[in-house]
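Visitor: Produce the complete structure using the sequences and hints provided.
Chain by chain, the residues run as shown.
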Amino acid sequence: MIVPLNALRPGDRGIVVNILGGPTARQRLVGMGLTPGATVQIIESHQYGPIIISVGGVRFAIGRGMAAKVMIRKL
Amino acid sequence: MMKVIALAGNPNVGKTTIFNALTGLRQHVGNWPGVTVEKKEGVLEYRGQKFLVVDLPGTYSLTAHSIDELVARDFLLKGSADVVVNVIDATALMRNLFLTMEILEMGLNNVIIALNKVDLAEKHGIEINVRRMEEVLGVPVVAMSAKEGAGLDELKEKIHQMANGMLKERPVIPQYDPEVEREIEHIMAVLRDTELGEEYNLRWLAIKLLQRDDGVIKLILRHLGSEKLDEIMGHIAEVEARYKRAMDLIIASQKYEFIDRLMHRFVRYTKVEGESFSDQLDRFLTHPVYGLLTLFGVFYLMFKFVFAVGLPLQGYLDDAFTAFGEWLAPHIANEALRGLLVDGIIAGVGSVLSFFPLVFLLFLALSVLEDVGYMARAAVVMERIMRKFGLPGKSFIPLVLAFGCNVPAVMATRTLDDERDRLLTMLVNPLIPCSARLSVISFLAGAFFASHQALVAVSIYATAVLLALLVAWLLSRFVIRGEESPFIIELPEYLIPSWKTVTLHSWERSKEFIKKAGTIILLGSMAIWYLSSYPVQMGTGGSYAERLGMFFEPYMRLMGLDWKAAVSLLFGIIAKENVISTYGIIYGSEEAIAGAMTPLQAYVLGMVTTLYVPCIATIGAVRAESNWKWAAFTVVYMIALASLVGILIWNVGTALGY
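For the protein sequence lines, the chains are E and H, in the order given.
Each residue of the first sequence is one higher than the last, beginning at 1 in full-length UniProt numbering.
Each residue of the second sequence is one higher than the last, beginning at 1 in full-length UniProt numbering.
No wet-lab data here; the hints were simulated from the structure.
Any given hint could be a false lead.
[As the list claims (entries may be wrong)] Pulled a few chain H residues facing chain E out of the computed Cβ check, cut under 7 Å:
no., residue
1, Gly48
2, Arg283
3, Leu292
4, Val380
5, Gly482
6, Glu483
Glycine residues also receive a C-beta, built at the ideal position from the N, C-alpha and C atoms.
Guide: What follows is the structure in structure tokens.
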């Protein structure tokens, strides 16, 4: 099942399959390790506001708008 | 010529700590030519040889999508460094090696890897075989813990050897899938017919072209013509169609796969990590409710600390300058010279300099919060709120700095990577009351509202902050429109800060304050003294300053103020605390002001002082960070806002019978 990152719930894990959106936003994510093939875990997510994720042992807060562009295969 | 050592690495990897350890206090902070990106340089002396150490901006990659990346990339590309020290964080190897691979892909063969935070990695169960790592990557690796000072001598030794050609390396170059490699080969073959190979690494150019790098496309277009370029771009589109992904993503993910294969040969994970204490703390500190409450608590305590320690120090310094002036006065026979020195320069510059402890302590407290790792969490909490006003959560940091001094706060907007966010934050920044305005507000509140002192001060602060948010919202809606910037921020691991780094950092930021006292305030104080002493002494109605005030009086009447306020506010443009000291000159003593105004007038004066034109130093900072047009815009909108609020309060106040 492929879903956008913002649809996952705390504790969920998934693998990034694609990143939509413009090259600038895409390159920022890629540089931070959020690239197709990377495993992501959701640490914290609330009704609104940034989502906290873990990628490659590092924690990030990512805005909902940006998270909606990251497509994930849920594990 | 000194040999040049460049430090490159991700943000939060301890690059600054290593830079400080290598150069000590022999640092120079300036700007990279043509852009407002901070350039730090320092001198390292080792075995009798001097090296110029350049701290490149911290970046995650070298794709040149931000000014920081462009600066770092151009520096490395031009071969300006004799040795490149790539600082990487052992606890986040995968991501850090991505930048390493981008550096090696440029074809550099003078790279040393400073593997920092090895002690922390060990605690996380990450076992790195450093010798194997050197073999696999083909470059020297120095295991370090910069905070503890471990590995520093070895790093210096390796730098020395590399700079003097005693250390050779064969760096590994990332390899991609056969299909991508074929494209790279094809482009390289075409490029071989040009002179580009003399200046650039062709493989690097080919890969950047695949990634549709704007700068590289333009460069190749100049050498190749549009026909051949179009043909290549057509090829790229075919590959993308087969992978069903943009080419830059294909390259990036294959680069990560390559790194993953390399890492298997020198890293072992001995612990499976569950949820850490840090995660639990994050969950609390970024929570919409608890996080916000903590944030208020933290900043309340911070201001409490800064003022509890700083205000007495400010008092002592102020007394010291006054005493110095009084001591000096009888020693100068010439009356005009005495006036200029004692009443002009010492009084003016002294009153500004006495605020230095407050500014320094505020920056110290903020640096500690930053180095502990709290600021990133605060930005997450504020993101939810600030976004509603068109500002990103990260702009919270420069806005908090503004409570100390707007000048470094305007400069701190550099940390925002989006141009539009940066401009917005910069333009509303001067509305946040700095410590100089605090002195005016607290003086007026104390003299006129003995029983409601705190309430009056808080109401002025709250008005200013709310107006800043409102202006940000209006500007983002109607003036600086544009797409909402994407939000992503690393939450670095919580750390106990190193005192050396924190004090050095605070000193660097607050130094601007002293610089401004030595330049603009010095000139301003001389001007004030001249205008109020000639052709006759102020207080008789004939001085230039008074004539200037009379000219503006009709306008000031609209908000219930007179020529004295006009003169004070005019002088306040040089430094806001002048508003009170000017009254002091007019009446002979600052205390006499209490009988000269009604509480309502005093309240209007406090409010207008807070909201009108920023001080000259702040205007200068806005100009330096943007351009004249925006600096002028700030001045104009703030005058309009202050007048509007002043007139409103005066009329509502009189109607209510105050």
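Visitor: Indicate, hint by hint, whether the structure satisfies it.
Guide: Okay, the hints, checked on the actual structure:
Because the closest C-beta pair between H:Gly48 and chain E is about 40 Å apart, greater than 7 Å, the hint is violated. Checking H:Arg283 against chain E by beta carbon gives a least distance of about 5 Å; that is within 7 Å, so the hint holds. Against a cut-off of 7 Å between C-beta atoms, the interface hint on H:Leu292 is violated, since the closest Cβ of chain E lies about 11 Å away. For H:Val380, the suggested interface contact is upheld, since its CB lies about 4 Å from the closest CB of chain E, less than 7 Å.
A cut of 7 Å between beta carbons decides the hint on H:Gly482: the least distance to chain E is about 13 Å, and the hint is violated. Interface hint at H:Glu483: violated, since its Cβ lies 9 Å from the closest Cβ of chain E, which is beyond the 7 Å cut-off.
The structure is inconsistent with the numbered hints 1, 3, 5, 6, although it conforms to all the rest.
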